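J.: Residue numbers (numbering that gives the first Met the number 0), protein chains in the order written: chain A, 0 to 359; chain B, 0 to 359.
In short, the hints are calculated from the structure, not lab data.
Quantities reported herein were computed from a predicted structural model and do not represent experimental measurements.
Keep in mind that a hint or two might mislead.
Identical chains blur together in the list; that is why a pair holds if it fits in one copy or across any two.
Under the rule of at most 25 angstroms between Cα atoms (straight-line distance), these lysine to any residue pairs were calculated in the SDA-like manner [as the list claims (entries may be wrong)]:
| # | residue 1 | residue 2 |
| --- | --- | --- |
| 1 | K72 | G183 |
| 2 | K72 | D165 |
| 3 | K32 | G118 |
| 4 | K249 | E87 |
| 5 | K32 | A75 |
There are 2 protein chains.
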Amino acid sequence: MSWQLRAEDLPDLARGATLLGTGGGGDPYIGQKLVERVLGERTITVWDPEDVPADALVIPTAQMGAPTVMVEKIPAGTEPTLALRMLEEHLGRTAQATMPIECGGINSMIPLIVAAETGLPVVDADGMGRAFPELSMETFAVYGVHGSPLALAGERGERVIIDTGDDDRQMEWLARGVTIRLGGVGHIAEYAMTGEQVRATAVPRTLSMALALGRAIREARERHEDPFEAIAAALAPTLYSHVRELFRGKVADVERRTTEGFARGRAIIEAPEGQQMEIDFQNENLVARCGGAVVAIVPDLICVVDAETAEPITTEGLRYGQRVRVLGISTPEIMRTPEALATFGPAAFGLSEPFVPVES
Amino acid sequence: MSWQLRAEDLPDLARGATLLGTGGGGDPYIGQKLVERVLGERTITVWDPEDVPADALVIPTAQMGAPTVMVEKIPAGTEPTLALRMLEEHLGRTAQATMPIECGGINSMIPLIVAAETGLPVVDADGMGRAFPELSMETFAVYGVHGSPLALAGERGERVIIDTGDDDRQMEWLARGVTIRLGGVGHIAEYAMTGEQVRATAVPRTLSMALALGRAIREARERHEDPFEAIAAALAPTLYSHVRELFRGKVADVERRTTEGFARGRAIIEAPEGQQMEIDFQNENLVARCGGAVVAIVPDLICVVDAETAEPITTEGLRYGQRVRVLGISTPEIMRTPEALATFGPAAFGLSEPFVPVES
Chain A
0 MSWQLRAEDL PDLARGATLL GTGGGGDPYI GQKLVERVLG ERTITVWDPE
50 DVPADALVIP TAQMGAPTVM VEKIPAGTEP TLALRMLEEH LGRTAQATMP
100 IECGGINSMI PLIVAAETGL PVVDADGMGR AFPELSMETF AVYGVHGSPL
150 ALAGERGERV IIDTGDDDRQ MEWLARGVTI RLGGVGHIAE YAMTGEQVRA
200 TAVPRTLSMA LALGRAIREA RERHEDPFEA IAAALAPTLY SHVRELFRGK
250 VADVERRTTE GFARGRAIIE APEGQQMEID FQNENLVARC GGAVVAIVPD
300 LICVVDAETA EPITTEGLRY GQRVRVLGIS TPEIMRTPEA LATFGPAAFG
350 LSEPFVPVES
Chain B
0 MSWQLRAEDL PDLARGATLL GTGGGGDPYI GQKLVERVLG ERTITVWDPE
50 DVPADALVIP TAQMGAPTVM VEKIPAGTEP TLALRMLEEH LGRTAQATMP
100 IECGGINSMI PLIVAAETGL PVVDADGMGR AFPELSMETF AVYGVHGSPL
150 ALAGERGERV IIDTGDDDRQ MEWLARGVTI RLGGVGHIAE YAMTGEQVRA
200 TAVPRTLSMA LALGRAIREA RERHEDPFEA IAAALAPTLY SHVRELFRGK
250 VADVERRTTE GFARGRAIIE APEGQQMEID FQNENLVARC GGAVVAIVPD
300 LICVVDAETA EPITTEGLRY GQRVRVLGIS TPEIMRTPEA LATFGPAAFG
350 LSEPFVPVES
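Put together the whole structure using the sequences plus the hints.
T.: So this is what it looks like as structure tokens:
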């Protein structure tokens, strides 16, 4: 069922998207402000994936770059729509809708900026089911829709079109190179597809899930109820039904470096009794280990949140001494097939450990 | 007057182009072999700039990358024509001719590969009047024709279109980033212009000049005459009328590194009496100094050649112990105006010395 998104929904959506960003994806707060500015009193039509006409052209829009740079280099706001228009022009076709490429972090907001500016609807689905650091890590690609041609817009009106055919990793490699030379952030339109292809390749209803999660946390706080129980209740009816507390403790150390266009590093969280959890990240949290043993690993979600309020914390927001809980959330089957794991499972990040579902 | 170029002309053209490459521009020998393979017994029509119809669309084609990489990474040969076709498609117009963007090094040959493959004529002119390391260092740009949109083709069929409007330096910056990620070499089509614009912005008749220079050196050797006198005689009727021997000696040291997509370094040449000449290069020779004093500087040509045969030597061909002469050759007025010097004079390379004509 399609529905209308209002400006009042955005803070809840931002909170849920930060949780699904699993530490990365960029801070959606900046994106939220950009949507609010354009949207005003109007609403955005959100299409359920089942409602997208089979032959409608859907052009996803996003921001790419290192989250550490994104929070310092605020976009003008017009770049994502420019990217969409560039791709339309290159394809010689007009989009009937836009869509997120990932449901975590700022990229839950970028398609809403485009929707608010153009009046296009946004499809309630995405291609990562969370946030991932690379453009090739898409269920779209896993199930046969490729990213090329990609349109990339820079803040000074730079326009770049990249077409690497079926090779989405080469597309990511070249687009990342351009983004680095644009100062670390670019805006893109890619993975153009039909409504039928959305249904075959996307993770469905992740925009509404992010909104429901953010709303559940807020309402629990307002009612002085346990926000962690609210998270579990909000996830139960979705494809992400399992959530588990992996660790509770204090941030003891964060090592962070921005290299090759990514924010990479490791966070160490220490329990009062002295045990430690180590979380490695590349933009997003990739693997959580206790005493060297894997507790949760990509593509499952590893979310660091405030120990009391359940407010999600991004990797660039981690600070020494924060009291946090680490949550593990299971991912849908579409993200755990052998083909999916080959694209964004542990080996795709150079991790030697196999994927083990967080619920097992 | 337009004329026909035959395969037999290519070795002379390659020699002359290496001289005009002033140490850089890539080794034209590889390009020569690629032209020969495609051309066979046929000929290429070379259009004098005066003969190009005023409204004809001319699309220059070239290779970009570090010469040190170019000699190791041989192109398939089809990339430059792919780049031309990509730009035609992007512009929605068909080219009536191609043209070199520089007359030195391998880029004297790349448009000939395109001409041999497509049957298009080549315009006898270019935008550098020598070789320069960056795509923005063009008389085209100095006199109002900009490089964007640029089409860039990779050896595995990668297609990239870059449009930075009037900002040719940003175009160079982004295209260089893509080229580095393609492994150090890419093939491009850029600076699309009309015949009228060719006459307003290009350095004329540099293809025929390169051929005349290479032929003069060869014929002098065959007749056991002085090839250095032949060079002077061949240049006398051209826009590059002044040639002077700057130094004679032995290569004593070469320091060379491939960084940021360029071959940078310094060569030291030592005379028997102990004086030294230092030549700094970024792909091409930029400045020649004796005892710290500038003897010749960009955009004038600084050419290192074999002391006996006058065979030109590229920076990547410099070896310890080679006996060489260093020639300074004056450049045409179109390359020495204040606007031209701002684009490819000493300051554009971070050199603090002012331009001083080599003949003064």
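J.: All the hints need checking, so say for each whether the structure fits it.
T.: To see whether the hints hold, each was checked on the structure:
Taking identical chains as interchangeable, the C-alpha atoms of K72 and G183 lie at most 25 angstroms apart only when both belong to the same chain, with a minimum of 8 angstroms there against 29 angstroms between chains. For a Cα distance limit of 25 angstroms, the shortest separation of K72 from D165 across copies, 24 angstroms, qualifies, whereas the shortest one inside one copy, 32 angstroms, does not. For a Cα distance limit of 25 angstroms, the shortest separation of K32 from G118 inside one copy, 18 angstroms, qualifies, whereas the shortest one across copies, 56 angstroms, does not. Proximity of K249 to E87 under the C-alpha cut-off of 25 angstroms is found in neither arrangement, the shortest distances being 48 angstroms within a copy and 60 angstroms between copies.
For a Cα distance limit of 25 angstroms, the shortest separation of K32 from A75 inside one copy, 12 angstroms, qualifies, whereas the shortest one across copies, 49 angstroms, does not.
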